[in-house]
Amino acid sequence: MPVRDYLGEFEHIIVLALLRLEDRAYGVTVRQEIEFRTKREVSIGAVYATLDRLEAKGYVKSRRGDPTPERGGRSKRFFRVTARGVAAVNRAQRALHSMSEGLDLIRSYA
Amino acid sequence: MTSHAGPLQPPRFATWLVNLFTSADEGSIVGDLLEEFSDLASKSGRALARRWFWRQTAKTVAHLFGAGYRSAPWSTTAIILGGFLLLKLAHGLPDKLLMAVTDRYLLYWSNHFQAYLWVLKGLRIEYLIGSAVVGCIVALAAKGREMIATMTLGLVLCAMAVVATVWVVTTTGDDSYLWNFPWHLSDSLVIVVGGAIVRARRSGATHRLSGA
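Chain order of the listed sequences is A and B. If you count the first sequence from 1, you need to add 84 to reach the numbering used here. If you count the second sequence from 1, you need to add 2 to reach the numbering used here.
The set of hints was computed from the structure by calculation and includes no laboratory data. Built from N, CA and C at the ideal position, the CB exists for glycine as well.
Each computed PhoX-like pair below joins lysine-lysine, with the alpha-carbon atoms no more than 25 Å apart: (1) B:K61 / B:K45; (2) B:K90 / B:K123; (3) A:K123 / B:K45; (4) B:K61 / A:K123; (5) B:K145 / A:K141; (6) A:K141 / B:K61; (7) B:K61 / B:K145; (8) B:K123 / B:K98; (9) B:K145 / B:K90.
Simulated coverage check for chain B against chain A, where a stretch passes if three residues somewhere in it have a Cβ under 8 Å from a Cβ of chain A: (10) 35–48; (11) 58–71.
From just these sequences and the hints, can you work out the full model?
Here you go:
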């Protein structure tokens, strides 16, 4: 499957969540951070499907933590953004800023 | 299934469903769900936590299904097509066998017509067994995407059965064809069951190996 070299909307949100959470970023915290900030319900499956895609693109790396009893003996999978991921999110941010510059979005289109 | 002990246990069937769609060495998704379920159950009560767990399960399974298919669309489609052809072969064999036996022992059947009718009814069961075997073969071929391949094949067959039934009933006006519809749905269902059996066995084998 061809790999896109830009970030989709949800990919963009996930990378920003990882950057905010730093070394505390795993499935639960990423999902909760997105729900808290975007006020929309997100499934853990959507988070993992996107994280796997980002890892395949080289924007994200993962490592396993230790298994814990409250997780039924399953380990956490921690994620961090790579230098390539940071460059991609910067590119996406610049594109968004450039596209919205000069538009009075709240007053004109609300 | 989950090994989470105590009164705050999530729905076992939902946990099992998520396990079916995650790769054999990937326990993080179920682990994350269990962690949030325990937290939510202690804060907001068990009923709300169970509802949340089911909602997350439905959305997660849908996402994993789509993502799994998109990760290898061509090989998955090839396996599904192979399964479809195999199914046609498996469903054709009992008919051919019965025809051969009927031709050879025509006199016997004419003397035991009731037995012949029972054999005809038994053909449906043979179709179901054939579908289950095809489901297992498709799942074996689609390693890691067992449920995606068998569910897609099941859905395609379901859609074909709906279209064919509607077409036959509307063109002939004979609604007796509707009685065959549950059998067509059962075919799709046993294919998915075959996939689930292979997936569960593979998952169990992986856990035993990692535990050893």
